[in-house]
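Trainee: Please model the entire structure based on the sequences and the hints provided.
Protein chains: 2
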Amino acid sequence: MPQKVRIALDAMGGDFGPSVVVPGAAIALGRHPDAEFLLFGDSASIEEELAAHAALRKSARVIHTDVAVAMHDKPSVALRRGRYKSSMWQAIEAVKKGDADVAVSAGNTGALMAMARFCLRTLPGIDRPAIAATWPTMRGDSVVLDLGATIGGDAHHLKALAVMGAAMASVLFDLERPTVGLLNIGVEEIKGGEEIREAAELLRAMDSRRFEFIGFVEGDGIGKGAADVIVSEGFSGNIALKAAEGTARQLSEYLRAAMSRTWRSKIGYLFARDAFKALKEKMDPNKSNGGVFLGLNGIVVKSHGGTSADGFAYAVDVGYDMVRYDLLTKINQTLNREAGALVSTPPAQEAVS
Amino acid sequence: MPQKVRIALDAMGGDFGPSVVVPGAAIALGRHPDAEFLLFGDSASIEEELAAHAALRKSARVIHTDVAVAMHDKPSVALRRGRYKSSMWQAIEAVKKGDADVAVSAGNTGALMAMARFCLRTLPGIDRPAIAATWPTMRGDSVVLDLGATIGGDAHHLKALAVMGAAMASVLFDLERPTVGLLNIGVEEIKGGEEIREAAELLRAMDSRRFEFIGFVEGDGIGKGAADVIVSEGFSGNIALKAAEGTARQLSEYLRAAMSRTWRSKIGYLFARDAFKALKEKMDPNKSNGGVFLGLNGIVVKSHGGTSADGFAYAVDVGYDMVRYDLLTKINQTLNREAGALVSTPPAQEAVS
Chain A
1 MPQKVRIALD
11 AMGGDFGPSV
21 VVPGAAIALG
31 RHPDAEFLLF
41 GDSASIEEEL
51 AAHAALRKSA
61 RVIHTDVAVA
71 MHDKPSVALR
81 RGRYKSSMWQ
91 AIEAVKKGDA
101 DVAVSAGNTG
111 ALMAMARFCL
121 RTLPGIDRPA
131 IAATWPTMRG
141 DSVVLDLGAT
151 IGGDAHHLKA
161 LAVMGAAMAS
171 VLFDLERPTV
181 GLLNIGVEEI
191 KGGEEIREAA
201 ELLRAMDSRR
211 FEFIGFVEGD
221 GIGKGAADVI
231 VSEGFSGNIA
241 LKAAEGTARQ
251 LSEYLRAAMS
261 RTWRSKIGYL
271 FARDAFKALK
281 EKMDPNKSNG
291 GVFLGLNGIV
301 VKSHGGTSAD
311 GFAYAVDVGY
321 DMVRYDLLTK
331 INQTLNREAG
341 ALVSTPPAQE
351 AVS
Chain B
1 MPQKVRIALD
11 AMGGDFGPSV
21 VVPGAAIALG
31 RHPDAEFLLF
41 GDSASIEEEL
51 AAHAALRKSA
61 RVIHTDVAVA
71 MHDKPSVALR
81 RGRYKSSMWQ
91 AIEAVKKGDA
101 DVAVSAGNTG
111 ALMAMARFCL
121 RTLPGIDRPA
131 IAATWPTMRG
141 DSVVLDLGAT
151 IGGDAHHLKA
161 LAVMGAAMAS
171 VLFDLERPTV
181 GLLNIGVEEI
191 KGGEEIREAA
201 ELLRAMDSRR
211 FEFIGFVEGD
221 GIGKGAADVI
231 VSEGFSGNIA
241 LKAAEGTARQ
251 LSEYLRAAMS
261 RTWRSKIGYL
271 FARDAFKALK
281 EKMDPNKSNG
291 GVFLGLNGIV
301 VKSHGGTSAD
311 GFAYAVDVGY
321 DMVRYDLLTK
331 INQTLNREAG
341 ALVSTPPAQE
351 AVS
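Chains as they are written, first to last, in this note's numbering: chain A, 1 to 353; chain B, 1 to 353.
Calculated from the structure, these hints are not laboratory results. Bear in mind the structure is a predicted one, so any value in this text is a computation, not a measurement.
Identical copies carry no separate label here, and so any pair may be met within one copy or between two of them.
As a list, the in silico BS3-like pairs of lysine-lysine whose alpha-carbon atoms are at most 30 angstroms apart:
1) K74 with K224
2) K85 with K4
3) K224 with K330
4) K74 with K85
5) K287 with K74
6) K266 with K282
7) K4 with K97
8) K287 with K96
9) K330 with K4
10) K330 with K96
11) K280 with K224
12) K97 with K85
13) K287 with K266
14) K266 with K280
15) K58 with K287
16) K74 with K97
Mentor: Spelled out as C-alpha cells, the structure:
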C-alpha cells in the first residue's frame, strides 16, 4: 500500500469540467489528507480554480492537455481523437505508468470505458469489464454490478461478475464472506434465462470461501438488502439502477409538493425540518456517486457527468477507498485462486464499442 | 359492447383466496354497478364471504370447482393438475366460451399465463403474449410492457409489444396517438442490443398513425413520463418494475422513520397529516395493481397475489375498463392494419414455460 494515495483526475470531464472537479477534489482532500492529486486538463482553467483552494494547490500537480473528450463523443471517436493526448486518456495512463493509484473522471461513460480497456487491458480470466457501484438499502449498502459496461453475457461472465463484486464488497464493507445474489425475475428455479440458471449452478458448485451464493434476488430485493452483492448483466443492471433513481426523484418531488400544499402542511414541514433534512441526506443521490470499473489492470472510477462538487468528492472517496483497501490485489487474489473456474468465454456483446 | 360487463373471477387465486377476492369484487361493484360476476372456486367458502355482501350476492353467480392452483405450482404442474377443473382454468375458459368478457385472477403468474395461452391462444401475428400495466409518472400514467411474460425476443417481438401497448394506452388514456419509447440503457444510437436498435428502425419505418415512436427511453425516463408507452422485453421490464417498487417501499419506510424520530417531527407529522395522507394515496402500490395479458384472444388480468381487497378491486377495475373501452377490438384493428409489418418470428425464450 502506498504512503500517499495518488489520484489522477480528468479535470475536463463532466458537464462542468474544472469548476466542479477542482472544488470536488478539495472537499475529498479535506476528508483524506493523505491524498495527492494529478490534475489533467487545460492548465489555465485548472489553475484559476485552484487559486481558491490553497490546501489542494499544495497537494496537486497540474498536467496540461490540449484535448478534452466531449460528453457526447462516441467511444470510437473519443478513442481516435483523444488517445494519448486527452485529459481522460492521460489520467488513465497515469495509473498504467504507476504515477497514480486510481483515475477518476466525470466524462462520458462509453469513452472512459473504451479508453480504460484500451490502455489498462483486462485482468487475466476476465473478458469484459463491468461497472460496479454501491446501492443504499434498508440493511446498509450493497454492491451492484454490472451497471452497463457489457450487455448480455453467458454464465461464465456472470460468475466473473460475482467474483469481482464479492471482492469489492469485502474490501468496502469489511466482510469476510459477503452474500451474493443473482438478479432474476423470479425466485423459483423455473424462471430467468438459461445463462442465469447456469450461472446459479456454477456459483453453487464453486462453493467459494470468499463469498456465499444465496440464489436469485428479484428487483425489489435490491433495496431490501437481500444480498451484499447483486449480480446482473449490464443491460438489466443499468435499467434497475435508473428505474430506482427515477422513482426516488419522483417521490422526492411528490413529498416536496405535498409539504407546500396547505398552510398546515407548511407548518408541519417547519416542525419536522430536521427530520426532512436527515431524510434528504439519506436519499441524496450524490452519496451513491462513483461507479468502479472492474476487471482491468488498474482502478478507474466514473462520476456522474452532471454532479456537483459534493457529488464528485464522493466519487473521489470511492477511488480513495479502493486504493486504501487494496481492491485490485484482492480481486486478483480471488481470480487466481478461482483461476480454474474462470475459463475464457466467447465475448459478450458490448455496450460501449 | 355488452350491456353488462361480465367478469370471471378466480376466487381461489392469491394468498388469501375468497376472503380477499369476494370483498374486492364488492368494492369494484360499488364503482361499476353495471358489472356482473362469475365466481369460480370452492362454493362453500365463497358463499360464506358473499353472505356479508348483499349487492354482490345479487350480481354474482358461483360455480363450484374442486381444484385450486397453488401459488407455487410450476406452470407445467398447474396445467397438468388444473386444466379444465381448476377455478383458474374455468375463469379463463368462461372468456373463451363467451360467458364472460374478462377474467381476473390473483393466482400465480406463470400458471395463469400458461393456462391463458393454452386456452385462449395468441392473436394472429403474435407469437408471444406480454404483461402490461400502468405506471404512475410525473405526467400521469404510462403503460409499461412486457413485465415478465416473455424473456428476450427479437426486433419484431418488440414491435408487436409497441403496437399492443399503444392500443392499450389509447383506450385507457383516451389518446389518439400515444407516444411510444423503447427502454434502453442510453439515448445515443450506439447503445443497446442489436434487437433494440433494429426495433427502433422498424418502428420509425412503420410511421404508424396509431402511435408516435419517440426513440429510446432510459430507466429513469419511465417515472418522468417520457412516453405514454414504454416497451421492453420481459426480463428488463420486470426488473425495472420491481426495482421501482422496492425503492418506493424503501423511501416510504425512511419517511415513516424520519417522522417518528423526535417530538418535533411528530408534531410536524400531525400538522401535515392531510398532506401525508394525499402522498400515501399517490404512492399506494394497490392503485397500480392489475397486469393485463396482451396478445391473446381474450382479456385476462393478473392481480398481485398478496394484495388486499382494495388492491384486488383495482385489478377488477382494470379488467372492467379494458372491456368497456373495447381493448381487444382496438388491438385487433391495429394488428390487422399493420398486418404486413408484423411478420411471424422465431419464438423467443419464455419465462413461464
